[in-house]
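Student: What follows is each chain in one-letter form.
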Amino acid sequence: MANTTATKEEASGKVLQYERCIHCGEELDSSNVIESNGKLFCCTGCRTVYELLNTLGLDNYYKIRESLNISKTAAPQDASGEDYGYLNSESFRDLYTTEANPLRMNFYVEGIECAACLWLIEKIPDLVPEIETLSLNMSNNTAAVKFTSAEKFSSFPEMAGKLGYKAHPIKTDEDVTKLKKRENRRSLIRLSVAAVCAGNIMLLSVAIYSGARGVFEEHFTLLNLILTLPVMTYCSLPFYKSVLGSLRVGRATVDIPIVFVILAGSLISVYNFFTGSPEVYFDSVTMFVFLLLVSRYFLKTVQGRLSGREPLGKNLFSSNRVLVRDDVAKQFFFQPVESLEAGQKIKLSMGDRFPADGRLLSLDAEINLSVLTGENIPQTVLRGESVYAGSLLDSNEAVLEVTGTGSSTRIGRILEEVENNYRSRISLSSSSDKYATIFTLAVGIIAFASFFTVYSFYGTSQAFERTIAFILISCPCAFVFILPLSLGLFLKSASDNGILIKDPRIFDKLPGIKNIFFDKTGTLTNGVYRILSWDTDKLPAEDLAAVLAIERVSEHPVARAVVAYLSGEELELPEVSGFRHVYSKGVEGRAGGHLYSLTAEKDERPPNEINEIIASRIVIRKDGEWLSEILLGDSLKVDAKFVSDELKNRGYKLFIISGDKETNVRQVAEKLQIPSGGIFWEETPERKSRIVREHGRSMMIGDGLNDAGALSSSDVGVAIQGSVGESMKVSDAYILNNDLFTILDLIDHGRVIHETVRRNTAFSITYNVVAGAFALAGFINPLAAAVLMPLSSVLLIVSSIYGQHKLRLKKREART
Amino acid sequence: MNIIFLTLGVSIGIALIFLAAFIWAAGKGQYDDLETPGHRMLLEDDYDTDTKTDTNNDNTKEDSDK
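Chains A and B are the protein sequences, given in the same order.
Going by the numbering used here, the first sequence wraps up at 816, each residue one higher than the last.
Going by the numbering used here, the second sequence wraps up at 66, each residue one higher than the last.
Worth double-checking, as some hints may not be accurate.
[As the list claims (entries may be wrong)] Keeping only pairs whose Cα atoms sit at most 25 Å apart, straight-line, the calculated BS3-like set for lysine-lysine is:
(1) A:LYS492 / A:LYS241
(2) B:LYS28 / A:LYS330
(3) A:LYS806 / B:LYS28
(4) A:LYS162 / B:LYS28
(5) A:LYS641 / A:LYS622
(6) A:LYS330 / A:LYS181
(7) A:LYS810 / B:LYS28
(8) A:LYS661 / A:LYS671
(9) A:LYS181 / A:LYS661
(10) A:LYS671 / A:LYS622
(11) B:LYS28 / A:LYS146
(12) A:LYS806 / A:LYS492
(13) A:LYS146 / A:LYS241
Everything labelled a hint here was simulated from the structure, so no lab data went into it.
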């Protein structure tokens with residue numbers, strides 16, 4: 001952890017000694033420190049959680065964290081405003097529980113990072129009497145919670161919210177999870193059977209090779225035969241199935257030569273055993289199957305673990321319920337979002353996400369369209385105008401008539417297109433599949449041709465012997481088990497570095513990338529709209545208190561920034577009256593006998609701080625007189641400059657593609673020295689996706705749903721933390737930490753794995769040509785096969801691990 | 001030399017016993033979640049223990065019943 005800090009400091013070009021927030025370990029800078037009882041916090045969220053943990057006697061959390069050497073965790077998720085009461089109503093109960101377990105609900109918990117979180121979450125049953133048992137699975141961040149009564153399902157997410165975690169109920173498709181689990185157990189058992197058989201066969205074969213003859217040889221070989229039977233039947237079953245499947249659709253897969261090797265090797269050995277010939281390959285065949293099963297199991301578990309970490313389901317409509325007007329009862333009732341229909345009237349309150357497209361029925365509303373534009377500044381919508389699903393309501397209350405739900409909403413259509421995009425891309429076969437197909441064909445043709453050649457010179461038995469030896473020896477090691485192994489290692493080491501890779505085949509594409517596209521808000525910048533400068537010292541306390549009191553009423557991002565900025569001050573708040581939104585400008589309200597207004601005004605001044613991007617200037621007026629002004633904006637991530645320079649040094653062409661206004665995008669481009677030809681502003685999600693596609697050989701790095709199209713149409717899409725579920729779904733890689741630095745890691749990883757695979761392929765082609773030639777010439781007997789096959793595998797494994805090792809060395813170098 | 005066949009039988013028998021044990025453990029779901037129990041074990045030792053944690057995941061129980 002200390003290392004990351006060092007690089008960050010380098011990146012910002014200045015060395016600073018940071019104080020850390022006592023709860024989340026975030027580095028503190030002077031503008032956002034909150035002090036309470038001599039302890040420093042980065043935000044009120046952290047303070048609340050810290051105090052709560054102390055009052056509940058759960059401060060062991062910090063000790064555990066310390067003992068694990070973890071200095072930094074995620075800031076608490078802001079779940080305080082959530083009302084989970086709806087979970088207790090019947091319609092939701094039916095949705096999230098099953099008949100078999102009416103008292104159990106599963107939750108996806110956001111913010112789980114280490115064992116200290118595990119400890120804390122599993123303490124919840126002690127704190128909440130309604131919760132009977134709770135079990136957290138850290139590999140996919142889900143908690144299975146058993147409640148004492150069906151009316152108390154809200155108690156878990158509420159408590160978790162207080163502790164700083166956000167919990168979403170998840171629908172558990174029990175059949176699917178059970179099926180997956182059973183499949184996993186089955187392959188494990190298959191693997192163990194193969195291990196036992198292959199191991200024992202090896203022992204017996206060594207005895208035969210070292211000279212056991214006569215009755216021993218005969219019995220040992222018989223034993224080998226018996227031990228091979230389960231391997232060639234039970235253990236190899238998945239290969240047979242896959243070959244049958246691929247034959248049905250008429251496609252060659254790597255499994256065809258595998259099955260060929262297994263069947264040819266074992267059947268010819270059985271035949272030779274009964275005819276008394278010494279040419280038996282039981283050891284080679286079983287070892288082959290065992291190695292194959294190991295490498296596949298490894299890849300599958302690594303992949304399964306990664307996919308399990310994605311937030312499940314439609315995060316976008318995470319509130320799950322909506323107030324719907326019942327025209328008969330003339331009242332609003334909660335209804336699950338899934339059953340919403342066009343024509344219904346729904347009521348939303350501040351901070352809600354629109355679950356559907358609709359027409360506004362109330363007078364006006366402030367709406368945050370960030371889901372479509374990526375920008376956080378709300379727009380005003382008037383009665384009768386359309387609103388889109390996914391946007392956030394930023395004013396008090398809105399009633400609308402639903403015009404479209406689910407996939408017929410604008411966002412739904414975008415998502416559908418994005419998913420189609422992604423699916424069509426994924427089905428393109430990667431180069432490894434291509435190699436495998438070519439290889440399969442080549443082996444088949446050569447085997448066939450050589451069989452007849454040898455046959456014409458030496459007769460049937462020799463032809464059989466040599467062809468079998470050839471097929472066995474030219475076992476497609478590099479493709480069938482070294483590839484999954486290297487990919488598994490790649491995925492694992494990437495995930496250790498905070499990169500989740502969903503489609504391991506991006507290693508094919510990473511080295512070819514020329515253009516890198518960045519989204520602006522949330523990717524290059526922190527995406528937090530906050531106060532950059534405000535001379536509060538010059539303001540009388542009563543005015544400050546009045547401003548705070550007025551802004552507390554509003555939920556506008558500006559207001560939230562002001563409230564957060566002033567949260568450290570101790571102010572006596574006056575009563576506010578006559579609060580109203582001034583159309584598209586700001587707010588005003590009466591407090592302490594004066595009329596205060598806060599309105600946005602144009603500002604073209606260049607920002608002075610290196611990382612700051614000024615988005616707006618708010619002028620505060622008291623009874624119409626200028627009182628003070630606030631500069632609001634976003635700031636670049638500390639490592640943005642360093643990463644962009646490094647990428648440029650490596651010869652990549654950088655682009656910024658944003659839904660934000662021109663001035664803001666230009667400010668960022670200037671700071672990162674990206675030429676004006678490489679920036680795009682006010683782009684819709686649809687256009688973003690087209691631009692990325694037109695450039696080709698592109699990598700897109702984005703964070704929001706508005707980037708989802710671009711992520712899926714780029715060659716390599718990288719989503720970074722904070723992404724909406726959908727954009728993660730269509731990206732190839734997902735960066736867990738918020739550091740842009742990790743992109744460099746990803747590129748390094750891609751290059752190393754590409755090299756490793758190429759080296760392995762080259763090696764195995766050479767090996768196959770040489771050993772294959774020997775086999776056809778008749779020099780390969782069972783002993784040679786037993787030695788050569790594992791030897792080539794070991795060499796390839798060493799080569800793969802060497803690649804990883806090099807990567808680690810490189811990383812260490814980069815750090816120092 | 002019959003002793004060799006005896007030891008051979010014994011060794012394969014032992015192998016089968018371990019295989020059976022492994023299959024039983026896999027069937028019980030002991031390999032379903034390899035991450036959490038490791039952390040949990042460390043915590044239970046050092047920090048106060050008697051939580052109502054259901055260490056044997058409910059899912060597992062149902063499966064093994066069937």
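Student: With reference to the structure, classify each hint as holding or not holding.
Tutor: We went through each hint and held it up to the structure:
For a cut-off of 25 Å, the pair hint linking LYS492 (chain A) to LYS241 (chain A) is broken: about 28 Å separates their Cα positions. For a cut-off of 25 Å, the pair hint linking LYS28 (chain B) to LYS330 (chain A) is broken: about 54 Å separates their Cα positions. Annotation: proposed proximity of LYS806 (chain A) to LYS28 (chain B) is violated, straight-line Cα distance about 40 Å (limit 25 Å). Of the supplied pair hints, the one linking LYS162 (chain A) and LYS28 (chain B) is violated, its CA atoms being roughly 35 Å apart against a limit of 25 Å.
At roughly 40 Å between alpha-carbon atoms, LYS641 (chain A) and LYS622 (chain A) are farther apart than 25 Å, so this suggested pair is violated. Note on LYS330 (chain A) and LYS181 (chain A): the hinted pairing is violated, with a Cα-Cα distance of about 48 Å set against a maximum of 25 Å. Among the hinted pairs, LYS810 (chain A) with LYS28 (chain B) is inconsistent with the structure: their alpha-carbon atoms are about 42 Å apart, more than 25 Å. A threshold of 25 Å between alpha carbons decides the hint, and for LYS661 (chain A) with LYS671 (chain A) the separation of about 16 Å falls inside it, so the pair holds.
Among the hinted pairs, LYS181 (chain A) with LYS661 (chain A) is inconsistent with the structure: their alpha-carbon atoms are about 49 Å apart, more than 25 Å. Restraint check for LYS671 (chain A) and LYS622 (chain A): the C-alpha separation of about 36 Å exceeds 25 Å, so the hint is violated. With a C-alpha separation of about 21 Å, the suggested pair LYS28 (chain B) and LYS146 (chain A) falls inside the 25 Å cut-off, and the hint holds. For the given pair, LYS806 (chain A) sits about 15 Å from LYS492 (chain A) by alpha-carbon distance, which is consistent with the 25 Å threshold.
Using a Cα cut-off of 25 Å, the hinted pair LYS146 (chain A) and LYS241 (chain A) is violated, with the two alpha carbons roughly 39 Å apart.
Hints 1, 2, 3, 4, 5, 6, 7, 9, 10, 13 from the earlier list are contradicted by this structure; the remaining hints agree with it.
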